[in-house]
Amino acid sequence: MTEDAAPGRDEPIASLLAVFDDPASGRRRLPGLVGKLDAEDESVRVGAAWAICHVAAHLPDTAAYLTRRLADRIDDEEPSLEAELAFDYVAARYPDAVAEELAAMETEAESRPRYWPVEGSLARANYHRPAVGERDVGRTRLAGEGNSSGPQRVYTHDGSSHDRLRRGTDGATDDAMDEDEADGGDNVSSDSPDAKSDSPDAGSASANDSDGQTVDDPGWQPADEIPSIVADSRFDQLTVLAKRRRGRYADVYRTLGVVDGEQLPVGLSLYHRPSQGVDAFAAAIDERLARWAGVDDHDNVVAVYDWGRDPRPWAATEYMGFSLADRDRLDCSEALFNARGLAAAVTHLHENGVVHGGIDPGNVVYSGNVIDEDEVQPPLLDDVGLLHVVRNYFDPTSRLDPRYAAPEYFDRGFGRIDHATDVYHLGALVYLLFTGDPPYDGEYGRIRDRVLSDPPPRPSDVADVPEGLDDVVTKAMARQKLQRYEAVTHMEQELRRIETEDEA
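Residue numbers (numbering that gives the first Met the number 0): 0 to 503.
Calculated from the structure, these hints are not laboratory results. Check before you lean on any hint, since a few could be wrong.
Pairwise CB distance ranges (calculated) [what the hints assert, rightly or not]:
1) R445 x E83: 54 to 60 Å
2) G260 x A102: 20 to 26 Å
3) I73 x E261: 25 to 31 Å
4) R411 x E374: 22 to 28 Å
5) R411 x D259: 45 to 51 Å
6) Q492 x D325: 28 to 34 Å
7) G441 x D20: 47 to 53 Å
Every value quoted in this text rests on a predicted model; they were computed, and no experiment measured them. For each residue, glycine too, the CB sits at the ideal point set by N, CA and C.
Can you make the complete structure from the sequences, with help from the hints?
Pasting the structure below:
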């Protein structure tokens, strides 16, 4: 199902115009602009090419990055005219820089760099960067967490070497399920599929590193694709800091990224691939990531640093330490703070033509990077728009917690997935924030029946909540879309009014 456009300005065009208003912001937006060269709308592709040229004209140092990203696209069997236009402009404006980069790429294509362990790192065979023990790469420390331990892996790219490994995309990684099957199946558990780390094999014999971690612990074995991803990315280096975490959408690595000497805590996601339609899936995820990147300029939306399709769909995003699903019940003031922040984020998405489609506790995340563990942290929306693609290739009930799902996910008679779906999901989260409980619970079939037949639950039935909150939740979670808030801005205004009255 495709979502309806939300009220507001056209998201792709608006994000392109923002670059012309502020060319300096184009550096951060470049991955998104390059992604828009694959858009179905010709006007968006042309606008993206125009914006890329505008950024290149104002920021000469982006020429090398654009050469690699655009050359990759015009290498396709049927390159888009817009990608060729952007590449030709950059080549004409910076002929020396482009020629140097293309020469480096040609050399790399003839000789794949090899990797071997170097004092806890993986260094390229044709050069060596300092290992962890030789320089300070820093660690991302989460509140309440001790020093990270384990055999770190460092992948480096010096800008003169480029490992363009093109690995095959065959092979299934998940239990693909036809979308129609999701409408039945009471045997599907309603428990939210919490992300978990791969557990080591307790019976395996292995050597320990200095921190007591086993070197061959499967959770510490980085994916073979990571060196190729680093080579194709904007990062000069990625250091794997922790075991991979099996998420609902992807295997996620907590890493430290380095770009031009700046260190960034990065969550590297390698998306699960379906058993069929791998190429179509990769293209669809790539488009969704581009749209996500186009709306990540909000304080309550996770930032997308870079992404790509090869050797498998991946994304490098702002690292988040934990989710709302990990938290206990919040006090009233913090619950209001979270509710308003999430409403503001959804408003931003809708005003830019983007529908999230999968808002639940697992997709509300927090950085965890605080000195004071009691500090109130802003909530951020994660995996923006990805469920629209994933639900067509995998069982939706394993990617969206059914206890927070809108009626249209259970019965197509309630309409398609659109901005009204986000309104419902936001209402369900507000219920959780103030009560500490999901709006519905039980077996999948029981949840579905209650969502489709019972009136929305009232938070005041299970907790002491501010006056007026029942009205907000029941309106947002109305079964019929026309009875929900027409726009999230109206819901946001009601939450602001409740907050003001609660403080009085």
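Hints and how they fare:
Roughly 56 Å separates the CB atoms of R445 and E83, a value that falls within the hinted 54 to 60 Å. About 25 Å separates the C-beta atoms of G260 and A102, a value consistent with the hinted range of 20 to 26 Å. At roughly 30 Å, the beta carbons of I73 and E261 sit within the given window of 25 to 31 Å. The hinted window of 22 to 28 Å between R411 and E374 is violated, with their beta carbons roughly 44 Å apart.
Restraint check, R411 to D259: a C-beta distance of roughly 49 Å satisfies the suggested window 45 to 51 Å. Taking the beta carbon of each, Q492 and D325 are about 30 Å apart, inside 28 to 34 Å as hinted. Roughly 51 Å separates the CB atoms of G441 and D20, a value that falls within the hinted 47 to 53 Å.
In this structure, only the earlier hint numbered 4 is contradicted, and the remaining ones agree with it.
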